[in-house]
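We have chain H already, so just place chains W, P and R on it with the hints.
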Amino acid sequence: MNPLALLLTLSSVMFALGLLAVLTRRNAILILVGIELMLNAANINFIAFWRYGPPDLEMAGPIFVLFSIAIAAAEAAVGLAIILMVFRLRRTTDLNQLDSLHG
Amino acid sequence: MSKDNIPLWSPEHLPLLPQRLVEMILANLGAPEWLVSISGFMVAASTVLAVFMTAFALLSLIERKTLARAQNRIGPNRAGWFGILQPVADGIKMLTKEDIVPARAVKLLHLLAPILIVLPAILALGVIPYGREWTPVPLELGLLFFFAVGSMTELSVFMAGWASGSKFPMLGAMRAISQMVSYELPLIITALGVVMVSGTLSLPEIVQQQGGGFWHWNVCTPWGIVAGLLFYVCTIAEANRCPFDLPEGESEIVAGHMTEYSGFKYALFFMGEYLGLFAIAGLFVTLFLGGWQAPLPGLGLVPTWLWFFGKLALVIFSYLWIRATFPRLRIDQLMRFAWLCMIPMALLTLPAAAIWHYMGRGPLSWMVVLPLVLVPWVLVAVIFNKRLAPATRTYRFADG
Amino acid sequence: MASLLILSPLVLLAALGAVWMARPVHAALLLALALALNAVLYLAMGADFIGLVQFAVYVGAVAVLIVFSLLITRQSDETEEIARRPKALVPGLLCTLPVLAVLLITASKVPAASDEAPALPLKKLGEILFTTHAPAVLAVAVLLTAVLIGAALFARETKPNDP
Amino acid sequence: MQPTSANTPAQSPPEKPGRWMLPGLGLFQGLAVTGRNMVQSFYNKERMTTVQYPEERAPISPNFRNFPFLVYDGNSIDNLRCVACSICEKECPPQCIYIVLERDENGKSLKRPKIFDIDVSVCMNCGICAEVCPFDAIYMDGEYELATDDRFEGLLFHRERLAKSADYHMKLRPEQASEVIARRKAEEEKKAAAAAAKAAKAKADAESKKAAADARPADEKGGDA
Chain H
1 MNPLALLLTL SSVMFALGLL AVLTRRNAIL ILVGIELMLN AANINFIAFW
51 RYGPPDLEMA GPIFVLFSIA IAAAEAAVGL AIILMVFRLR RTTDLNQLDS
101 LHG
Chain W
1 MSKDNIPLWS PEHLPLLPQR LVEMILANLG APEWLVSISG FMVAASTVLA
51 VFMTAFALLS LIERKTLARA QNRIGPNRAG WFGILQPVAD GIKMLTKEDI
101 VPARAVKLLH LLAPILIVLP AILALGVIPY GREWTPVPLE LGLLFFFAVG
151 SMTELSVFMA GWASGSKFPM LGAMRAISQM VSYELPLIIT ALGVVMVSGT
201 LSLPEIVQQQ GGGFWHWNVC TPWGIVAGLL FYVCTIAEAN RCPFDLPEGE
251 SEIVAGHMTE YSGFKYALFF MGEYLGLFAI AGLFVTLFLG GWQAPLPGLG
301 LVPTWLWFFG KLALVIFSYL WIRATFPRLR IDQLMRFAWL CMIPMALLTL
351 PAAAIWHYMG RGPLSWMVVL PLVLVPWVLV AVIFNKRLAP ATRTYRFADG
Chain P
1 MASLLILSPL VLLAALGAVW MARPVHAALL LALALALNAV LYLAMGADFI
51 GLVQFAVYVG AVAVLIVFSL LITRQSDETE EIARRPKALV PGLLCTLPVL
101 AVLLITASKV PAASDEAPAL PLKKLGEILF TTHAPAVLAV AVLLTAVLIG
151 AALFARETKP NDP
Chain R
1 MQPTSANTPA QSPPEKPGRW MLPGLGLFQG LAVTGRNMVQ SFYNKERMTT
51 VQYPEERAPI SPNFRNFPFL VYDGNSIDNL RCVACSICEK ECPPQCIYIV
101 LERDENGKSL KRPKIFDIDV SVCMNCGICA EVCPFDAIYM DGEYELATDD
151 RFEGLLFHRE RLAKSADYHM KLRPEQASEV IARRKAEEEK KAAAAAAKAA
201 KAKADAESKK AAADARPADE KGGDA
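Residue numbers (the numbering used here), protein chains in the order written: chain H, 1 to 103; chain W, 1 to 400; chain P, 1 to 163; chain R, 1 to 225.
Chain H with its partners taken away, still in its complex shape (with noise of 0.2 Å):
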């Protein structure tokens, strides 16, 4: 079993745990969690393709990763902030009461 497959299944397992967290949890912070989940498995995918791919010099994969690890902790701090506004508003964050907009 060559070690790119195997990356492969690891990331896209990882990817649908991720996916089943975010549309299970009632809890928004859990859904973050699925969310960090599913950008690592992406993540996993790059370094696997720049390590066991076609060699390249531009390390493409590397760099992709550097500016997602960014993006996604920009992405965890606004999430969180705007879900600490919500739990002052609300004093809960249980999505399935934040229906207000359900009309």
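Among the clues, some could well be false.
Stated by the list, open to error - Chain P stretches covered by chain W per the calculated footprint, using a threshold of three residues with CB under 8 Å from any CB of chain W: (1) 50-56; (2) 59-66; (3) 100-113.
Said to hold, decoys possible - Label-pair distances were calculated between CB atoms; the ranges are: (4) W:328 to H:94: 54 to 64 Å; (5) P:139 to W:211: 34 to 44 Å; (6) P:144 to W:211: 33 to 43 Å; (7) W:328 to P:144: 44 to 54 Å.
Calculated directly from the structure, the hints in this document are not laboratory data. All residues carry an ideal CB built from backbone N, CA and C; glycine is no exception.
Just chains W, P and R now, with coordinates in the frame of chain H:
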């Protein structure tokens, strides 16, 4: 670095002696190659651990004696000759104390937290260059490894606080984390200045570039004075030392996140704190005080690791001195000082270092960079001193 | 190759734990473990700079941030059985399984891996980053400062008198 | 060496807050103070406030009082000054003194306490017994090393344990003891004088009575002869 032509007994290679002895013995016994290298590495790691465990024991005694001397008293002198066995006594006390785990505690995390506090400190100690020949792990990304591992302590502090179940540790943990996070920022920014000037992340390389006399050290540069001072203050905050020792402020919240620990786990916390102190002070010496470089060029005879440990002793003595003098900061003063005063100054050192570097590092660059750095420093100090310093209170009855 | 075989099940276990755990703080801590093992995976693959950055940023900052917000919103103690209730699980699985199937099929058709390990020279990485990708780095810098100030403003306790 | 606070150098009075000082200098002044302490603690002897307890003992202050003790004159425990009048037993606020008067076989009081117990775990060292004792028999002790390992019997001091000689009292509290001695001597003389006067008066009565007696038989002899 071929091992055969280096004399075995030269003082410079003294710390490497056990490692090379074991490798030589195993090689003679015909052990496989990977076993020799692994055992050599294990022995190298254990020498570092042995050195810093004895340093930890000694420091706990020296700290109490220096604090005592600063308060006109003598300090522990009962256990052994001049109190030299006091660490042994403390160790026995810690080991024999009952290890109570609160009922509401999450057992696994409660056990894991002290381990995860000592682990990063020891990992960080492995990366610092102690002598010209003695760098336990000469990583090419030494500094990044140091900060990556160092930032793990926040998670273990949280685990310690949350797993103890009760509110005090949780509050202590939150205060400790917010302090460590907000002081890690200026720490990394000032270290970035050094990386920018020396152009590499590997610590032995940074020390190599500070060779020659002490005027080559990073601290003797216009931006280096400011960056060094900021880094020094951040090391005090990062190691939770005196003016910033809010997390385990005895008078406020019992013992912060360490409240529900007793016996050996409590000793592990202190070992983690002290080893972390050695690691971060070692990094300060490496980045700004020229690591194992001799202060004057002519001192070739003295083994280089003596210079490193001499400087480390001086820096740690200054921590003790500061602990004997300054009161503890409140959480809001601490936060305001970090965000409104330290981070702007730390950000300022980066352009200063760049200008200094690209103006040829000569006296001209000194004249340009020094005012660029000192003027905002005094401005920030004067402006913030008004809002930072507590207002002078007027007492109605007590004579103020 | 051997290290990958050891590490990948561990990463998956930690990720599964992060998804499945009832208590939110356990899930967050297991996420931190999954991210740390992920960093070790990068180191095992030779991308040491990326591994250390991942460790510093994710385990050092993001995991602490998530756990901190769990504390602040006082969700850390309520157990949340949602992950186990079939009413939520079935639609979730219905969506994820086809995605998983597609990914696994493509993963199996991938060509043989080339075995020579490319290096990650730090200086070259720095040059590339700040020459060809300079605009992208500046954009990310602006984004991060905006996020720093924005998040601080969002989370600030709005005193009753000012907006 | 009296460990009062006089030997630490008098702190300079804090300057008026108005005087502007470059921020940050205050830090170094603080460091200078502790630095001076650190350096001088090695050679400046009267700075050091530490008393190595078991070897050296800090002298107790004059009116330090701990649990009471009974005074006896001379050197044997029998001539205790205490006459078991148990005024102190009645006056003691926590009632921790227990006295039993010694009586001889036919019930006559011997003006000596057979049992004199003080429960030290109850006594609060208030010194009221020493104040109310009319016979200067009980005073407050200065001994503080009274640790025992048994909580009940060990803390119930009996007569033998409480009794201490008058010169111990003189050594413990010289001026109070000398005052007591002087007062007792004065009373002795007054009593002796009174006794002498009484004796003289008694003798005088005796003679007058005898004289009267001699005179009376003379009348009877005169009458029936």
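Going through the hints against the structure:
Check on the stretch 50-56 of chain P: 4 of its residues sit with their Cβ under 8 Å from a Cβ of chain W, so the three-residue criterion for coverage holds. Under a criterion of three residues with beta carbons nearer than 8 Å to beta carbons of chain W, the stated coverage of the stretch 59-66 of chain P is upheld, 5 such residues being counted. Using a Cβ-Cβ cut-off of 8 Å, 0 residues of the stretch 100-113 of chain P lie near chain W, which falls short of the minimum of three, so the contact claim is violated. At about 39 Å, the beta-carbon gap between residue 328 (chain W) and residue 94 (chain H) misses the expected band of 54 to 64 Å.
Checked against the given bound of 34 to 44 Å, the beta carbons of residue 139 (chain P) and residue 211 (chain W), roughly 40 Å apart, stay inside it. Distance hint for residue 144 (chain P) and residue 211 (chain W): a CB-CB separation of about 36 Å, consistent with the stated range 33 to 43 Å. Evaluation of the 44 to 54 Å hint for residue 328 (chain W) and residue 144 (chain P) yields a failure: the beta carbon distance comes to about 33 Å.
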